[in-house]
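Assemble the dimeric complex from its two separately framed chains, guided by the hints.
First to last, the sequence lines map onto chains V and P. The opening residue of the first sequence carries number 1 in my numbering; numbering runs sequentially from there. The opening residue of the second sequence carries number 1 in my numbering; numbering runs sequentially from there.
Wrong hints could be hidden among the right ones.
Subject to a maximum C-alpha distance of 25 Å in a straight line, what follows is the list of computed DSS-like cross-link-like pairs (lysine-lysine) [as the list claims (entries may be wrong)]:
(1) P:K168 <-> V:K295
(2) V:K7 <-> P:K143
(3) P:K106 <-> P:K90
(4) V:K6 <-> P:K143
(5) V:K295 <-> V:K260
(6) V:K300 <-> P:K89
(7) P:K89 <-> V:K375
(8) P:K181 <-> P:K34
Label pairs and their computed distance ranges (CB to CB) [what the hints assert, rightly or not]:
(9) V:Q55 <-> P:T118: 41 to 49 Å
(10) P:P44 <-> V:N368: 23 to 31 Å
(11) V:D317 <-> P:K86: 56 to 64 Å
(12) V:K6 <-> P:E175: 43 to 51 Å
(13) P:K83 <-> V:L337: 23 to 31 Å
(14) P:G107 <-> V:Y342: 38 to 46 Å
(15) V:D58 <-> P:H147: 46 to 54 Å
(16) P:K106 <-> V:P185: 48 to 56 Å
(17) V:L337 <-> P:Q171: 47 to 55 Å
(18) V:P185 <-> P:P44: 33 to 41 Å
(19) V:Y342 <-> P:L163: 52 to 60 Å
(20) V:Q326 <-> P:L163: 52 to 60 Å
(21) V:K196 <-> P:S69: 48 to 56 Å
(22) V:D58 <-> P:L183: 33 to 41 Å
These are computed hints drawn from the structure, not numbers from a lab. Note that beta-carbon positions come from the ideal geometry of N, C-alpha and C, so glycine has one too.
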Amino acid sequence: MAEKKKKFMQGNEACSEGALYAGCRFYAGYPITPSTEVAEILSVRLPKIGGVFMQMEDEIASICAIIGASLGGAKSLTATSGPGFSLMQEGLGFACIAEIPCVIVNVMRSGPSTGFPTGPSQSDVMQAKWGTHGDHPSVVLTPATVQEIFYETVRAFNLAETYRTPVIVLYDEIIGHMREAITLPEAGEVEVIERKKPTCKPEEYKPYAQSNGSIAPLAAYGEGYKFHVTGLYHAEDGFPTNNTKLIGEANERIVNKINKNVDKICINEEFYTDDAEIGVVAYGVSSKSAKFAVKEMRKKGVKAGLLRPKTIWPFPDKAVNKLAKQVKAILVPEMNLGQVYYEVERASRGQCEVKGIFKVDTEAIHPNQIIEEIKKFA
Amino acid sequence: MGYRYEMRFSGSGGQGMILAGIIIAEAASIYDGKMASQSQSYGPESRGGASRSEVIISDEEIDYPKATSIDAMLAMTQEACNKYNKDIKKDGVLLIDSTEVKNAPKGDYKVYSYPISTVARDELGKIIVANIISLGMIVELTKIVSHEAIEKAVLARVPPAFLDLNKKALQLGFERARDLKPLP
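Here chain P stands alone, though its shape is the one from the complex (with noise of 0.2 Å):
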């Protein structure tokens, strides 16, 4: 019997929410050997606005590319989090980032808070590295790719001259969610 592991980055335009689906998806499908289908969903600016990704996780094809009912979200913004968390599964995983969203949603899914955007500026200098930290955080929490397949797929997308820096945010994303307790 098939499995179907549905994940959703949400955010605002412009924070990597949609590459973020793309290398979780690519580390899924090119080097964990999974099927993957990443689809997205933008408004028109280039930056600002709703911003969301959605990844689909399989062993058999997948005909549906739309999340039905969510395993694993992200949420950068409060209004993403707030818009997006409704189709998160009971005991699902939400990890949001507590620079932005300061009111958690409750339900009946675990909700994991991290001050991601704040840790990216202050630790690593660079903000825009916000969504490999997610995805380090993600990965760690959901262990649904390996490290290793999440670690080629980041190094495969990003520019060459940024190599280190994102391989330290993964690294970074991975150890801090290794001890982090959901909200009570």
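With the rest of the complex left out, here is chain V (with noise of 0.2 Å):
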């Protein structure tokens, strides 16, 4: 039986899949390379199931639209790559600030500006965290295999709903485009979270009540809830205020809801790091390329091993600490020129030797290009 559930599909198909069993059902976006198979895919399958699917007039409009919708009630998508998301980020604040789930994906090509739009890179991965001004959650997901881009696509949806904050799930275009056998589960099969919705009156309720740390439920337009929502920091009620002591405390919260539950959040593959003498860090992309080399350098004897954050934000610091512990060195092979390198740098405390290998002629990174560093600290 589960052979029969086998199918052959792209990267970018499977973050659909993944968005729709997730329960998704609006997507807003404007269709960029190498990100359009995902709005492609939707647009067929969104209004049969009784979905929203809007072409919109540039990326600014996308986010907007999923942040309107998400309100509304529906789980909301939109999916881009480097152009887009750039102009995504003033929206991407105000769905942070204003605490509305919704899930944004980022398929990276070489830039910046128009770069090179068919080439692949990783090189979004810090506007992935800083790209909207003023302190921020950050939550981002890179998953490295199609299988495991419908994955965490769910998993983004999940985040979103828990958290009440936009969530990104970033990739490239060589993932993007790649083909592989998946097996899409049952419905069931998969944990799907919904969102909590108030119990109270509509006349008393806050949409941004909290005590102690809670995340208040988010009622749906329409419902009979009538509340107000602002890019301004604003009281329980919604409404702006210039209370310095309820700003500091806002913005404090957004963003440790994120930090202090980083255990929960933080996911990664370890392949190799128990014994390993020589650790490689390394997400999306360039994890292949990792694995491969580690694989070829264990065959030699060599203790390689690779640390793989699914999560890249919140950045996973305990495991890169850990692994910092006891290697001589870590590699980060990332492409570009130099980005997640500077995390691991941090996270490893002066322990070990850290290099990066950067590459942004956008071709992969050759698995022999790791091979031979890790054969420097053999």
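Printed below as a string of structure tokens:
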């Protein structure tokens, strides 16, 4: 039976399937290579199940539309690439401060600006964390296989609903366009978290009420609850405030609701790290090159190991620190000129050497490039 | 011990190289029960420009989806042939469409030459099935997937109105590769 459910599909298609499985019923976007297939597939599928697909005039409108749809009670999604992701930054900040769950997929291509549209890169990792201004929560997932794109898209919706915050699914052109056989789970096989709705009377509803870090339920517009939503700092009732105590508390709260749950949000794959003497920290497409390199090195008796974050933000400090304690060196291959490298260096706290392997010619990092670097420390 | 079989389909945008890669990977993974991954590299043009598709077939999980040491490669244009033949391994297979590729490269691998596009146009009346003839030839030359699997995969991917044409193209590919000898 399991064999029958095997489907050969592209990363972007798995993303669409994951969104539908998670209950996404609203997509707004402006098509852009290499993310277009997500929109293409959802434009066919969503209307058939009573959902809405809207092609917007640009990416600013796209993110605003998914925020609006989410306030209307729908799980909502947009997909884009670098240039569009840049335009979405203001809306992303709005979703952070107004605490509106939504999912943004960024299929990374070569940049800056229009760059090389069909060429992969991993150069938006820092933008995904710091692209929007102000201190804000960042939850960014970095799947590395077609099957994982499905699961991580479902997880993105679950995290968005749990923490009332935007969640970013970040992968690149290679994984987005790569095809593999995957198994789509039946309904109920994978947990899908639904939004908490208020149970109080509408006149008592406080959309930003909280005690001890709890997250207030979010009413849907149209269900009788009237409330105010703004990008200004606001009190429990949602109306703007200039009370400095409330402003400070609110800013800390939206950041801490993520930071205090790092252990629940951060998921890593550990591959031969137990006895590793040389570590590799890699995510997304570069982790595929790294895994190949680690396997080859192990065949030759070299104790190399890979730590692969599936959640890149918040950063897996603990796991990196633990690896840094036991290895001589950590290598960080990435398709940019050094982004996560500095995070690894910071989290390693000087316990081992940290070396970056950077590549921006839009070709994947060849495993041999990593093997050569591992050999230097063997 | 797991094996790793690497293939590259290269030509110019619009020749169906990406589709050829998808079909053979699907034949291996869905119909032959192996593991397969297909990736692609293309330019912003919808036609023209170098286009390539790479397929890795294995009996275990495939980590790195790009070719490192190629077992079998198809080149439909001279440009693609020159640009991409370097990674073919010793005793590997290179199939070239002699309609376009006039200068066959020399290496420690086997080069098979056949006027694929010309045959597609003259014998089947449709140059667009050159990629399907190529698939038939490469399967016959390498035996990497079964005839049944590749036929099922081709028929599952082509428009219903062109089932017969594609079936013929695939069979033609099997036949013409059967007695084909590598270039001296």
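A quick look at each hint next to the structure:
no.: 1; hint: P:K168 <-> V:K295; result: 43 Å, violated
no.: 2; hint: V:K7 <-> P:K143; result: 23 Å, holds
no.: 3; hint: P:K106 <-> P:K90; result: 12 Å, holds
no.: 4; hint: V:K6 <-> P:K143; result: 23 Å, holds
no.: 5; hint: V:K295 <-> V:K260; result: 35 Å, violated
no.: 6; hint: V:K300 <-> P:K89; result: 21 Å, holds
no.: 7; hint: P:K89 <-> V:K375; result: 24 Å, holds
no.: 8; hint: P:K181 <-> P:K34; result: 29 Å, violated
no.: 9; hint: V:Q55 <-> P:T118: 41 to 49 Å; result: 43 Å, holds
no.: 10; hint: P:P44 <-> V:N368: 23 to 31 Å; result: 29 Å, holds
no.: 11; hint: V:D317 <-> P:K86: 56 to 64 Å; result: 42 Å, violated
no.: 12; hint: V:K6 <-> P:E175: 43 to 51 Å; result: 31 Å, violated
no.: 13; hint: P:K83 <-> V:L337: 23 to 31 Å; result: 26 Å, holds
no.: 14; hint: P:G107 <-> V:Y342: 38 to 46 Å; result: 43 Å, holds
no.: 15; hint: V:D58 <-> P:H147: 46 to 54 Å; result: 50 Å, holds
no.: 16; hint: P:K106 <-> V:P185: 48 to 56 Å; result: 51 Å, holds
no.: 17; hint: V:L337 <-> P:Q171: 47 to 55 Å; result: 51 Å, holds
no.: 18; hint: V:P185 <-> P:P44: 33 to 41 Å; result: 36 Å, holds
no.: 19; hint: V:Y342 <-> P:L163: 52 to 60 Å; result: 55 Å, holds
no.: 20; hint: V:Q326 <-> P:L163: 52 to 60 Å; result: 59 Å, holds
no.: 21; hint: V:K196 <-> P:S69: 48 to 56 Å; result: 53 Å, holds
no.: 22; hint: V:D58 <-> P:L183: 33 to 41 Å; result: 54 Å, violated
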